[in-house]
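Engineer: Here is how the chains run, residue by residue.
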Amino acid sequence: DVKVTQSSRYLVKRTGEKVFLECVQDMDHENMFWYRQDPGLGLRLIYFSYDVKMKEKGDIPEGYSVSREKKERFSLILESASTNQTSMYLCASSLIRANTEAFFGQGTRLTVV
Amino acid sequence: GDSVTQMEGPVTLSEEAFLTINCTYTATGYPSLFWYVQYPGEGLQLLLKATKADDKGSNKGFEATYRKETTSFHLEKGSVQVSDSAVYFCALRNTGNQFYFGTGTSLTVIP
Numbered sequence: 057d058v059k060v061t062q063s064s065r066y067l068v069k070r071t072g073e074k075v076f077l078e079c080v081q082d083m084d085h086e087n088m089f090w091y092r093q094d095p096g097l098g099l100r101l102i103y104f105s106y107d108v109k110m111k112e113k114g115d116i117p118e119g120y121s122v123s124r125e126k127k128e129r130f131s132l133i134l135e136s137a138s139t140n141q142t143s144m145y146l147c148a149s150s151l152i153r154a155n156t157e158a159f160f161g162q163g164t165r166l167t168v169v
Numbered sequence: 036g037d038s039v040t041q042m043e044g045p046v047t048l049s050e051e052a053f054l055t056i057n058c059t060y061t062a063t064g065y066p067s068l069f070w071y072v073q074y075p076g077e078g079l080q081l082l083l084k085a086t087k088a089d090d091k092g093s094n095k096g097f098e099a100t101y102r103k104e105t106t107s108f109h110l111e112k113g114s115v116q117v118s119d120s121a122v123y124f125c126a127l128r129n130t131g132n133q134f135y136f137g138t139g140t141s142l143t144v145i146p
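Here the protein sequences come in this chain order: Y and A.
Take the first sequence: its letters are residues 57 to 169, numbered as in my numbering.
Take the second sequence: its letters are residues 36 to 146, numbered as in my numbering.
Any given hint might turn out to be false.
[What the hints assert, rightly or not] Away from chain Y, derived, C-beta distances all over 12 Å, residues of chain A:
{"id": "1", "residue": "E43"}
{"id": "2", "residue": "V46"}
{"id": "3", "residue": "L48"}
{"id": "4", "residue": "T55"}
{"id": "5", "residue": "G64"}
{"id": "6", "residue": "Q73"}
{"id": "7", "residue": "E77"}
{"id": "8", "residue": "K95"}
{"id": "9", "residue": "K112"}
{"id": "10", "residue": "N129"}
{"id": "11", "residue": "N132"}
{"id": "12", "residue": "Q133"}
{"id": "13", "residue": "T138"}
{"id": "14", "residue": "V144"}
[To be verified] What the simulated footprint calls covered on chain Y by chain A, stretch by stretch (three residues with Cβ under 8 Å from a Cβ of chain A suffice, anywhere in the stretch; the number is not a length):
{"id": "15", "segment": "75-82"}
{"id": "16", "segment": "116-129"}
{"id": "17", "segment": "150-157"}
[Claimed, not checked] Below, computed lysine to aspartate or glutamate pairings styled on DMTMM-like, alpha-carbon distance capped at 25 Å:
{"id": "18", "chain 1": "A", "residue 1": "K87", "chain 2": "Y", "residue 2": "E86"}
{"id": "19", "chain 1": "Y", "residue 1": "K69", "chain 2": "A", "residue 2": "E77"}
{"id": "20", "chain 1": "Y", "residue 1": "K59", "chain 2": "A", "residue 2": "E77"}
What the hints contain is simulated information worked out from the structure, not anything from laboratory work.
All of these numbers come straight from a predicted model, not from anything done at the bench.
Ideal Cβ positions, reconstructed from N, Cα and C, are used throughout, including at glycine.
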């Protein structure tokens, strides 16, 4: 069974902390994505990566950075967490081929206090 | 740019009722279209997909037909169950790497 695994289901962090969200996929997918999900706003793309060490900004990259040192792993970094970054974070991956679907992890519910 | 518009929720239905969730899209060319389902506290799971015009995707009693003439991909199920209660997302992928999602429609099915 294909798998996208996020390192934590729930996280509580303090304002100003540096936060790392990890995502690993076992499908040899080229593309990996980080989304943020908030009520009424749907999914918003933060960053995506189409290859190792490559990254592209999405719609809301401010306050975030990413790292992709290995093909299977894509990390989202909150440089200095703020309360408005409290949200559900979803990682996804896909093949680079155009008509293929994305596979999602189970999500990380982050609360910044 | 590419985008997806889906009907606002929430939707509440009685068990065994007929379900339609409308989805329309804007895209150049020939995108692939998807429906995802999200159960409470979980990530999104692919429900069905269609990759070209007039294709019908189906899974677990749900169906959607890719209509290029109306740029639509409406989700239907003939008889919903309580276990279908979830949030449903319509999405498209065009020739690039990005996916575009609707804002989601919450469905509650009551016994």
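Engineer: Would the least Cβ to Cβ distance between T138(A) and chain Y come out above 12 Å?
Structural biologist: At about 4 Å from chain Y, T138(A) fails to clear the 12 Å cut-off, so the statement is violated.
Engineer: Does the alpha-carbon distance linking K69(Y) and E77(A) stay inside the 25 Å limit?
Structural biologist: holds (21 Å)
Engineer: If I take the minimum Cβ distance from E77(A) to any residue of chain Y, is it greater than 12 Å?
Structural biologist: With a cut-off of 12 Å, E77(A) comes too close to chain Y, as the shortest Cβ separation is near 6 Å.
Engineer: Counting residues of the segment 75-82 of chain Y that have a beta-carbon nearer than 8 Å to any beta-carbon of chain A, does the count reach 3?
Structural biologist: violated (count 0)
Engineer: Measuring Cβ to Cβ, find out whether L48(A) lies farther than 12 Å from everything in chain Y.
Structural biologist: holds (21 Å)
Engineer: If I take the minimum Cβ distance from Q73(A) to any residue of chain Y, is it greater than 12 Å?
Structural biologist: Q73(A) not clear of chain Y: closest Cβ-Cβ about 8 Å, inside 12 Å.
Engineer: Holds or violated: is the Cβ of K95(A) farther than 12 Å from all Cβ atoms of chain Y?
Structural biologist: holds (16 Å)
Engineer: Are all beta-carbon distances from V144(A) to chain Y longer than 12 Å?
Structural biologist: holds (20 Å)
Engineer: Beyond 12 Å from every Cβ of chain Y: is that where the Cβ of E43(A) lies?
Structural biologist: violated (10 Å)
Engineer: For T55(A), which was marked as not at the interface, is the minimum beta-carbon distance to chain Y over 12 Å?
Structural biologist: holds (20 Å)
Engineer: Does the no-contact call for N129(A) survive, Cβ to all of chain Y over 12 Å?
Structural biologist: violated (7 Å)
Engineer: Within the segment 116-129 of chain Y, is the number of residues with a Cβ closer than 8 Å to a Cβ of chain A three or more?
Structural biologist: This one is violated; 0 residues, fewer than the three required, reach chain A with a Cβ under 8 Å.
In this structure, the earlier hints numbered 1, 5, 6, 7, 10, 11, 12, 13, 15 and 16 are contradicted, and the remaining ones agree with it.
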